[in-house]
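**Student:** Residues 381 to 806, numbered by our numbering, are exactly what the sequence shown covers, in order.
Worth double-checking, as some hints may not be accurate.
Listed next, the in silico BS3-like pairs over lysine-lysine satisfying Cα-Cα at most 27 angstroms (straight line) [stated by the list, open to error]:
{"hint": "1", "residue 1": "K719", "residue 2": "K739"}
{"hint": "2", "residue 1": "K718", "residue 2": "K743"}
{"hint": "3", "residue 1": "K397", "residue 2": "K743"}
{"hint": "4", "residue 1": "K718", "residue 2": "K731"}
{"hint": "5", "residue 1": "K739", "residue 2": "K640"}
{"hint": "6", "residue 1": "K718", "residue 2": "K482"}
{"hint": "7", "residue 1": "K482", "residue 2": "K739"}
{"hint": "8", "residue 1": "K790", "residue 2": "K640"}
{"hint": "9", "residue 1": "K719", "residue 2": "K731"}
{"hint": "10", "residue 1": "K482", "residue 2": "K731"}
{"hint": "11", "residue 1": "K482", "residue 2": "K790"}
{"hint": "12", "residue 1": "K490", "residue 2": "K397"}
{"hint": "13", "residue 1": "K640", "residue 2": "K583"}
{"hint": "14", "residue 1": "K490", "residue 2": "K790"}
{"hint": "15", "residue 1": "K719", "residue 2": "K640"}
{"hint": "16", "residue 1": "K718", "residue 2": "K739"}
{"hint": "17", "residue 1": "K731", "residue 2": "K640"}
{"hint": "18", "residue 1": "K482", "residue 2": "K640"}
{"hint": "19", "residue 1": "K396", "residue 2": "K790"}
{"hint": "20", "residue 1": "K719", "residue 2": "K482"}
{"hint": "21", "residue 1": "K731", "residue 2": "K743"}
Hint data in this document are derived by calculation from the structure and do not stem from the laboratory. Note that the coordinates shown come from a computational prediction; the quantities given were computed from them, not determined experimentally.
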Amino acid sequence: MIQTLRNAWRIPELRKKLLFTLLIIVLFRLGSAIPVPYIDPEALANIFEQYSSTLLGFANVLSGGALSQATLFALSITPYINASIIMQLLTVAIPSLERMVKEGGEEGQKKIASATRYLTVVLGMILGFTYYMMLRNNALLSQTGVWPAIVIVLTFTAGTALIMWLGEQITEHGVGNGISIILFAGIVSRGPSMIFSIYQYFKSGTINILGIIGIVVLALAVVAFIVFMTNAERRVPVQYAKRVVGRKMYGGQSTHLPMKVNMSGVMPIIFASSLLAFPGTIALFFNPEAGTFWAGFVRVFSQSHPVYMILYVLLIFAFGFFYAAIQFNPIEVSNNLKKNGGFIPGFRPGKPTSDFLAKILNKVTLVGSLFLAIVAIIPLIMGAFMGLNNIAIGGTSLLIVVGVALETVKQIEAQMLMRHYKGFLE
381 MIQTLRNAWR IPELRKKLLF TLLIIVLFRL GSAIPVPYID PEALANIFEQ
431 YSSTLLGFAN VLSGGALSQA TLFALSITPY INASIIMQLL TVAIPSLERM
481 VKEGGEEGQK KIASATRYLT VVLGMILGFT YYMMLRNNAL LSQTGVWPAI
531 VIVLTFTAGT ALIMWLGEQI TEHGVGNGIS IILFAGIVSR GPSMIFSIYQ
581 YFKSGTINIL GIIGIVVLAL AVVAFIVFMT NAERRVPVQY AKRVVGRKMY
631 GGQSTHLPMK VNMSGVMPII FASSLLAFPG TIALFFNPEA GTFWAGFVRV
681 FSQSHPVYMI LYVLLIFAFG FFYAAIQFNP IEVSNNLKKN GGFIPGFRPG
731 KPTSDFLAKI LNKVTLVGSL FLAIVAIIPL IMGAFMGLNN IAIGGTSLLI
781 VVGVALETVK QIEAQMLMRH YKGFLE
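Let the hints inform the model, and build the full structure from the sequences given.
**Tutor:** Next comes the structure, spelled out in structure tokens:
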């Protein structure tokens, strides 16, 4: 990866894209440090220490700590991610939207992108208002009234729109995949906080030097495991029949159909984390008394509880199969192969091929879901065993960071190949 960045830096055009991307990241971090008016940041930071196992705590990690400081980019790209997921699900559920994507071509993609932008702003306004109500209920506002409410909600909404625009600028003028790079920058910015937390645990005697070495070794092992599984794929052999057109013969070549092991990416973990964080988030507004049934119910959904870990793994598997079913349609792939004269050796075109692909899809998704469950549950088990509760970067964050880094390097390599710079990728 370092060698690829060095080679890209030698190319003037790619150097400009890299510098432009770095400039946008700097602007993003500056916006993450600009506070929103009428809010007490110190009191807010103290309250967020109790929110590690809630939706707010999870969103705070994705925002790079901006949410706990109530800054301009406090909502980060969470509204955009939610809007993208909603539009993706709607294109599957609504036939007219599905036809728009498949038959509309580039124009249809532009309409979907435009609808995603509008939905992002709407979700940003809703989340901004929800955040304002949480601040008001916890007496974290220096002033209350209609005007402070309008200023705070509109500032959060404007920050959401601006950060979405910055991501699009990286996609258009930078190295590509701007939203993912901004998410990457936000998570990585929590690295110093994580190191400081580990130092505080070491200073207080919670962990010793062997524990720190164990954390580093485990983190490196998890990164290597993520890289291996992210690039892993099941290659299904495909043979194309020979056909004669005029006096020429076409086809007859052998190729393969790649099926990625981790087809759903990090989405199952995000869905599972968000769903299990609801009880703890709702409890913030009711504050159940200690010793009551509801207090015990909420305690079950703390990240260190065994029931939480079991439900976490089960939900990751459920969402993994659900998302894989949306991403890959065996019947559609089988029909496309049949139309293009392709077939899988040993299986007839049509239903036998689709059944075979569905069987492989189930096996691949099972392995991919197991991989996601291992990556997500190891930091929780380690935190419960060693008594570490405030480590900012967990398995989910590592999966996002490594995935975005690999994808960005691939895009840079693709741009270098397009310019025919011989020897750079050897």
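**Student:** Against which earlier hints does the structure fall short, listed by number upward?
**Tutor:** 3 and 13
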